[in-house]
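Chains A and B, in that order, are what the protein sequence lines are. When we follow the working numbering, the leftmost residue of the first sequence carries the number 1, and every step to the right adds one. When we follow the working numbering, the leftmost residue of the second sequence carries the number 166, and every step to the right adds one.
It is worth saying that the hints were derived from the structure and are not from the lab. These figures come from a predicted structure and were not determined experimentally. Note that CB positions come from ideal geometry on N, CA and C, so glycine has one too. Mixed in with the good hints there might be a few duds.
[Said to hold, decoys possible] Residues of chain A clear of chain B, computed beta-carbon distances all greater than 10 Å:
(1) Met1
(2) Asn2
(3) Val12
(4) Asn23
(5) Ile99
[As the list claims (entries may be wrong)] Cβ-to-Cβ under 7 Å is the rule here; a few derived chain B residues that face chain A:
(6) Ser523
(7) Ala535
(8) Val550
[Said to hold, decoys possible] Okay, derived cross-link-like pairs now, DSS-like style, lysine-lysine, Cα gap no bigger than 27 Å in a straight line:
(9) Lys319(B) to Lys144(A)
(10) Lys300(B) to Lys231(B)
(11) Lys360(B) to Lys207(B)
(12) Lys207(B) to Lys245(B)
(13) Lys69(A) to Lys319(B)
(14) Lys300(B) to Lys319(B)
Single-letter residue listing:
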Amino acid sequence: MNPILSAELEKVVLNHKIQTLNNEYVLALDQDDLNLWLSFFSESCLYRIISRENHELNLPIAVWHSDSKAMLRDRVLALRDSTLYRPRYLRHLISGVTINQIKDDVIYSQANVLIAETVVDFKTQILLSGRYLDEIVVEDGQYKFRNRICIYDSILLPTSLVYPV
Amino acid sequence: MEQVIRKLSRTPSDYRWPEGGATRVPFWVYTDDEIYRREQEKIFGGASWSYVALEAEIPNSGDFVKTSIGDRPVIVVRDKDGSINVIANSCAHRGVAFCKESRGNAQSFTCPYHQWNYDLKGKLVGIPFRRGYKKQGGMPDDFDLNEHSVRSLKVHSRHGVIFASFDHSVEPFEEYIGTNMLGYFDRVFDGRELKVLGYERQSIECNWKLMFENIKDPYHASVLHVFLMTFGLFRMDQESAVEMDETGRHSALISRRAGQASAEAAEEMKNNLRNNFTLEDPNLLDVVKEFSGNNSVVMLTLFPNIIIQQQSNTLAMRQIVTRSPGVFELHWTFFGYASDSEEMVKRRVRQANLMGPSGLVSVDDSEVLAMSQSGMFPYDNHQVVLEMGGREIKDTEHMITEVAIRGFYKHYAKVMGL
Numbered sequence: 001m002n003p004i005l006s007a008e009l010e011k012v013v014l015n016h017k018i019q020t021l022n023n024e025y026v027l028a029l030d031q032d033d034l035n036l037w038l039s040f041f042s043e044s045c046l047y048r049i050i051s052r053e054n055h056e057l058n059l060p061i062a063v064w065h066s067d068s069k070a071m072l073r074d075r076v077l078a079l080r081d082s083t084l085y086r087p088r089y090l091r092h093l094i095s096g097v098t099i100n101q102i103k104d105d106v107i108y109s110q111a112n113v114l115i116a117e118t119v120v121d122f123k124t125q126i127l128l129s130g131r132y133l134d135e136i137v138v139e140d141g142q143y144k145f146r147n148r149i150c151i152y153d154s155i156l157l158p159t160s161l162v163y164p165v
Numbered sequence: 166m167e168q169v170i171r172k173l174s175r176t177p178s179d180y181r182w183p184e185g186g187a188t189r190v191p192f193w194v195y196t197d198d199e200i201y202r203r204e205q206e207k208i209f210g211g212a213s214w215s216y217v218a219l220e221a222e223i224p225n226s227g228d229f230v231k232t233s234i235g236d237r238p239v240i241v242v243r244d245k246d247g248s249i250n251v252i253a254n255s256c257a258h259r260g261v262a263f264c265k266e267s268r269g270n271a272q273s274f275t276c277p278y279h280q281w282n283y284d285l286k287g288k289l290v291g292i293p294f295r296r297g298y299k300k301q302g303g304m305p306d307d308f309d310l311n312e313h314s315v316r317s318l319k320v321h322s323r324h325g326v327i328f329a330s331f332d333h334s335v336e337p338f339e340e341y342i343g344t345n346m347l348g349y350f351d352r353v354f355d356g357r358e359l360k361v362l363g364y365e366r367q368s369i370e371c372n373w374k375l376m377f378e379n380i381k382d383p384y385h386a387s388v389l390h391v392f393l394m395t396f397g398l399f400r401m402d403q404e405s406a407v408e409m410d411e412t413g414r415h416s417a418l419i420s421r422r423a424g425q426a427s428a429e430a431a432e433e434m435k436n437n438l439r440n441n442f443t444l445e446d447p448n449l450l451d452v453v454k455e456f457s458g459n460n461s462v463v464m465l466t467l468f469p470n471i472i473i474q475q476q477s478n479t480l481a482m483r484q485i486v487t488r489s490p491g492v493f494e495l496h497w498t499f500f501g502y503a504s505d506s507e508e509m510v511k512r513r514v515r516q517a518n519l520m521g522p523s524g525l526v527s528v529d530d531s532e533v534l535a536m537s538q539s540g541m542f543p544y545d546n547h548q549v550v551l552e553m554g555g556r557e558i559k560d561t562e563h564m565i566t567e568v569a570i571r572g573f574y575k576h577y578a579k580v581m582g583l
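Construct all of the structure, not just a fragment, from the sequences and the given hints.
Structure representation (C-alpha cells):
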C-alpha cells in the first residue's frame, strides 16, 4: 500500500479504537455496571473529577480523587453498600474524541462529555458539562485509562454527584 | 401555583411558634416565602457576623473575591493600605451586580452599564457626563457623590478568617462568638498562614437551616453515615461532647476517634454498621494527629452562615448561601496551612473524598436533606420533634442528643420575632 495512505489508515483505526473505548466506557456507566467500569482502568491509575475553577487555578482539591485502582474499588463498594441516595439514571453523551499526542506508548486524548441525570420522580437535568483529559495505555492487550480527569465547567453542581462519570 | 395558595392562606397570626418551645419547629420555617424574606432582613442582613472569605484568598492589595451573605452578593477586597473591605455588589445607580469575575485584582470597580466608578471602599468617585455635554443634561448641581456609595459592611478578621455584618452596630466579633466557641475557632485558626486547596460548590434542594441543623445533630451521624460509623470516624460510642455559646446559636460537635464498637453500641447501630467493610487502600484514611488534645473531630457551626469542619485531616469552610426557601448553595473552601508538607497536602486531598457533592459521607446528607424538603413542603402545618437527649438546652457529654438544634431554634425564634 502507498505508505502515506497506510499511515493515514493507521490513524483512522486508532481514532476509531479510542472512540470505541470511550463509547464502551460510558455505556458501562449508563448501564450502572460499575464492575465493568472498573475494568477500564489500568492497575496503577489516577481518576479525578475536578471543577474547571480548581483545575485552572492549579488547586489540588477534586470532588473525586482516587490515586489507585484499589481506591476506585473501595468507592464502588461504598456506593453499593454504604451510601444513601435517591435512585437515578444517567445518560452520557460523548463527542469530540481527539488524540492530542502519542508518546512512549501512551496515548494522550480528550473528549467532551455531557451527562443527563434523571433522579426517579424528578425531571431530567444536566448533571455536568465538561471534558475528559486522558492518558491511555495498553495493558493485557486492552486499552486502559492510566489517567482520566473529568474537568467540569460549572463550579456549581446539583444536590449530589453520586456515581462516577 | 400551589406555593402561592399556601402563602395567601397563612395570616400574620399563623406565624406563631408552636407549643413546646424549642422542642418543636414548625415546617413552615423551611418552606414559607415570607419567612425567607424576613431571614434575609433580620438574620443575614441583621446584627450577625457572616463568614465571607479567607485572607489567604486576597493576599495583595486590590485582590478581591465575590461571595454572598444570605442571598445578597458582596465583594471582599483588600484595600491599598492592606485593610479589608466588604461592599455590596450592587451599583448605587441602578442596582447592577457590577463585578463579573469570581476573583481578581482591581484598582477600582466600574459598573459596565453607565460606567459609575467606585474606589475599593465602595465610595463613588466618578460618573460619566456628570456635568452633561455642551451644557445639556448631566446631574443636578447638588448631586453629591458622597451620598451614593455602594453599601459598605462592617468587617472583622481573626487569624486569617474574614467576617462581615450589614449592621454596623453589631456586637464585637469575639463577644458574638463567645469564649468557649472562640477556643475551638482558635484551635484550627491559631495564627498560622492558611493555604486554600480548592473549592467545591453544590446547589442543594432544601432550606438552608436543614444544613445548619445537620451539623448540630450528632444523633444522625451514628445511624445514617455507614462510612463514618464503620471506620470509627464519628460514632455514638465515642467520647464526645456537644457544646454551645450562651445564646445557643453557635455550637461545637466534638468527638474522639474510637476503635471497634462495643457490643451494646453495635446492637443500636446494627442496621447500618458493616463489620466486614474494610478499605482495600487504607491511604484514604491515613489520618495523622495534628492538633493538641484528644479531639479528632470538631465541627463548629457559627451563626448564621458558616460550618467550620475539622474531620481528621480535612479542614474546610462550608459556607451557606441561601437562594430561596427550598434551595441553598453550599460553598466549600478546603484549606491547609502554608507550612504543610507535600505529604500532608496529599493526605488532605485524599480525605476530601469524604466531603463535598460527591463525598463518601456528605452525599448521605445532601440526599437526605433534599428528601426532608420533599416531605416538609406539602405538610407545612406539621412540626419537627426535637426531644432526643431531653427537652432542655445545656452542654452534653455525649452525642445521643438534639440539644444543639434546640439551642439554635431558641435563638432563631427570638431573632425572627416568632
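Checked hints:
For Met1(A), the non-interface assignment is confirmed: its Cβ lies about 48 Å from the closest Cβ of chain B, beyond the 10 Å cut-off. For Asn2(A), the requirement that its beta carbon stay farther than 10 Å from each beta carbon of chain B is met, with the minimum near 50 Å. The Cβ of Val12(A) sits about 37 Å from the closest Cβ of chain B, beyond the 10 Å cut-off, so the non-interface label holds. Listed as outside the interface, Asn23(A) is consistent with that label: its C-beta sits roughly 24 Å from the nearest C-beta of chain B, beyond the 10 Å cut-off.
Against chain B, the non-interface label of Ile99(A) holds: every CB pair exceeds 10 Å, the least being about 29 Å. Among the interface hints, the one on Ser523(B) holds; its C-beta lies about 4 Å from the nearest C-beta in chain A, closer than the 7 Å criterion. At a threshold of 7 Å, the smallest CB-CB gap from Ala535(B) to chain A is about 5 Å, leaving the interface hint in force. Interface hint status for Val550(B): violated, as the beta-carbon distance to the closest one in chain A is roughly 21 Å, over 7 Å.
As the CA atoms of Lys319(B) and Lys144(A) are separated by approximately 55 Å, the hinted pair breaks the 27 Å bound. A hinted pair counts as satisfied when its Cα atoms are at most 27 Å apart, and Lys300(B) with Lys231(B) does not qualify at roughly 39 Å. Between Lys360(B) and Lys207(B) the CA atoms are separated by roughly 33 Å; this puts the pair beyond 27 Å, and the hint is violated. At most 27 Å may separate the alpha-carbon atoms for a hinted pair to count; Lys207(B) and Lys245(B) exceed this at roughly 32 Å.
For the given pair, Lys69(A) sits about 50 Å from Lys319(B) by alpha-carbon distance, which is inconsistent with the 27 Å threshold. In summary, the hint linking Lys300(B) to Lys319(B) is not supported, as the alpha carbons are separated by about 40 Å, beyond the 27 Å threshold.
In this structure, the hints that do not hold are numbers 8, 9, 10, 11, 12, 13 and 14, in rising order.
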